[in-house]
Amino acid sequence: MSKAVLTPEQQEFQEYARRWLAENAPPPPPERLPITAIEVMTVGQRDYLQAWQRKCYDAGLVGADYPTEYGGGGHEGFQRIANMELGRAKVPFLINIVGLNMAAPTILVHGTEAQKEKFIPGCLSGDEIWCQGFSEPGAGSDMANQQTSAVPDGDDWIVNGHKVWTSLGHFAKWMILITRTSKDHKYDGLTYFLCPIEGHDGVTVRPLVKITGEAGFNEVFFEDARVPDAYRLDDVGKGWTVAMTTLTYERGAAESAGSGGGESVHPTQRLIELARDTWRDGECAADDPVTRDAIMQRAIVAEGMRQNGRRARVEALCDHPMRLPLQQKLTSSEFVQDNARVGVDIAGAKSTLYKLDERAPSKGYWPLAYMNSYGHTIAAGTNEIQRNILGERVLGLPKSK
Amino acid sequence: MAEKNAAPKDFGFGEDEAMLRDLARKFLDEQLPVETLRRLVAEAPEPIYDEGERARWDEALWKEIVELGWTGLAVGEEEGGAGISLVGIAGVVEEVGRHALPSPLIPTLSASLVLREAGGPVARTILERIAQGATASLAITGERGSWDPDAPALEAREDGDTIVLDGMACFVQDAFKADVLIASARLGGDVVLCAVEAGAAGLTIDADHIHDLTRDQATLRFDGVRVGGDAVVSREALGALRKAWPGLLVLVTADLCGTSEWQLQTTVEYARQRTQFDRQIGFFQAVKHPLVDAMVEIDRAKSLLYHAACEIDRGSEEAETAARMAKSAASDAGAFISDRSVQLHGGIGFTWECDVHIYFKRSLHNQVLFGDGVHQRKKLAETLIGPIG
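If you read the protein sequences in the order shown, they are chains V and C. Its first residue numbered 1, the first sequence is counted upward by one per residue in the numbering used here. Its first residue numbered 1, the second sequence is counted upward by one per residue in the numbering used here.
Worth flagging that the hints you see were computed from the coordinates, not collected in a lab. Fair warning: this is a prediction, and the values are worked out from it, not measured in the lab. Be aware that one or more of the hints could be misleading.
To be verified - Derived, one-sided and incomplete: chain C residues facing chain V with beta-carbon distance under 7 Å:
| hint | residue |
| --- | --- |
| 1 | ASP10 |
| 2 | PHE13 |
| 3 | ALA18 |
| 4 | VAL296 |
| 5 | SER303 |
| 6 | HIS307 |
| 7 | ALA329 |
| 8 | GLY389 |
What the hints assert, rightly or not - So, partial list: chain C residues that the calculated Cβ filter (under 7 Å) puts toward chain V:
| hint | residue |
| --- | --- |
| 9 | GLN280 |
| 10 | HIS289 |
| 11 | LEU291 |
| 12 | SER328 |
| 13 | ARG377 |
| 14 | ALA381 |
| 15 | ILE385 |
| 16 | ILE388 |
Idealized CB from N, CA, C, for every residue including glycine.
Bound conformation, chain V alone (with noise of 0.2 Å):
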């Protein structure tokens, strides 16, 4: 609704951003997208927003605030603007969403010169796919529970294991990998590894389906695959402080080097659209007071998102430094999740219709994303981990184990 002040500079960065991409949106894609990159399913989804992520790389929209040696654009404070922009524009979403949010930053803090410099920029453009192995089928949300192993072998290590919810894991070329070293110290017997993971030997990906019926996610099975040992991030034993950077990142608490695009744009504009074309009862949903009422929750909630944005930036007006980046995961999680059942109710008896019925309101979008909601409110650490977290780390209250 309202605008961050921004630098002249900015500004004209601003401008440019919104004008290469009124001019530049892509032709319709030659099959129906999913609604984040974590549902892509076939070839031709991949290779249709692969080459838009590409060209959005090659202007300048991704990576902007990335170091040039790296192949970033070696600016400050425009990749916010760039992921503003592109999420205003409508456009398709960026597929690599692991590598731009969670494996560039990580390798950015912790990697070597040579790594940085061999996997950054394959990051950025999307050319290289990442998917992310944290969760295993025994430890979710408590991640400090790993049990794949890495053993030392000359130069290489030897990895055993199982690794699941894996997101993009049937086309992705690399993961960030966690790994247990060592069995004696829980945290600090992990070690982190850039793994690579497409033709690789010992390494099986199995495609898992989703409870909205579609497939994007896996599970990878490693049976003494190799790695070698320029592929560790970072010190043997130091995974969960590795891993620490990730979450960070993928939690939403630091700007991440590229996003934007897709369904997550104007969400309280597309309640009021849906309301205005929805009979209930025999009256317009729009004109029915709870409805009204629980739209403008919503409208409420996701501006408080935005000027949280805001004000975490004025340090005078945060007390704690955490306090407003931590709280992000949970917030905008739990955004999407209300706001997907708020269109499932206004939409009422039509909102039992799926994705490929006709008379499905938004194309079944509404029940579609309410179910797939549950994935961003379980992943990265359940909701009421982050509660944890938020209580513990910044209320300072005892904490849970």
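Assemble chain C onto chain V, guided by the hints.
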């Protein structure tokens, strides 16, 4: 507000505003610790709720506040005030809320905002008085308690050079502490705004019996109160009232953000100290998670508060929308943390001796002022969705 610094400032909150806010915090920390507040408002002779009209404030402390120039915060420099931006004022009022300061400060600031919008020589004279320490309150709500600037409290008629006011102005905040009352009345098709002195002939001030211990409230009966030309602020004041409305919402929102933050911090502190089942109760997720949810709600309200104040300072067309969003968020956050602050304190939280009740009641009062969350969302929907039908 003109940009003084070249560096961009989000919300227009810069060093000056931070300094003013920090000064307010330090001053109130020293002058009004919670033990002092309790003595002032809650350690009353029995029975506690008998003296509805009792002015529960520390007049010596108020004199110091006047010397600090707080009454003139929203008065322009031309009239001898500080001419602070609303963003800056919000920071001070948050501290006022955090300390639950019993005083006519918020009504006085509210009246200042209305007078500034009205403009003209009469308004200027009163603003000058306010800058010098006079107190004021708004008498703009009728018997039906409408949260609408279009529904003035009184009826007015002209009689030669004077205007005669009749009727009742209700829910007048801190009326017993106000030197001058700014009343709205219907005069033919217009809304007239008059300054009425507290001791005016024909004016009766009856105390309301309210739960909030940190302020008073009254019903004003106007029985042919006569005001001359030197007291008529404006004969067409509707525009001024509408324009000032977002600012009035922001003042209450800032107070709510302050009370809510105190409730959160105090309850967190209790959850860290209080032991049950061999653990500090803050260990349990049933205690931890609602406190986090309260923090999230309070932060949303705070961010929306600064956004709204900033939009008002900029004269933006979004000011009303932003202010209604902020008030809705702050009312709901206030209700939630008030509920949890009593509940999580357990048995002690239900007693008069536990300080949380003082804030609970101030918040409960604020949640309603100028419209609760549901009301704000109803008005927002008219703007963002359109009228019903």
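Interface hint status, SER328 of chain C versus chain V (Cβ within 7 Å): Holds: closest Cβ of chain V sits about 6 Å from SER328 of chain C, inside 7 Å.
Hint ALA381 of chain C vs chain V: min CB-CB distance below 7 Å? Holds, because the Cβ-Cβ distance from ALA381 of chain C to chain V comes to roughly 4 Å (cut-off 7 Å).
Should the hint that ALA329 of chain C touches chain V count as held when the rule is a Cβ pair under 7 Å? With Cβ-Cβ at 6 Å, under 7 Å, it holds.
Does PHE13 of chain C hold up as a contact with chain V if the rule is Cβ-Cβ below 7 Å? holds, 5 Å
Holds or violated: the hint that ASP10 of chain C contacts chain V, with Cβ atoms closer than 7 Å. Holds, about 5 Å.
Answer holds if the nearest beta-carbon of chain V is closer than 7 Å to that of LEU291 of chain C; otherwise answer violated. holds, 6 Å
Does the nearest C-beta of chain V fall within a distance shorter than 7 Å of the C-beta of HIS289 of chain C? holds, 5 Å
Quick check on ARG377 of chain C please, does its C-beta sit within 7 Å of some C-beta on chain V? With Cβ-Cβ at 4 Å, under 7 Å, it holds.
Can we keep the ALA18 of chain C interface hint, with Cβ of chain V closer than 7 Å? holds, 4 Å
ILE388 of chain C as chain V interface residue, shortest Cβ-Cβ below 7 Å: Hint on ILE388 of chain C: holds, closest Cβ of chain V at ~5 Å, below 7 Å.
Going by Cβ atoms only, is GLN280 of chain C closer than 7 Å to chain V? Check passed: Cβ of GLN280 of chain C comes within 5 Å of chain V, closer than 7 Å.
Any CB of chain V closer than 7 Å to the CB of HIS307 of chain C? holds, 4 Å
Every hint from the earlier list agrees with this structure, and none is contradicted.
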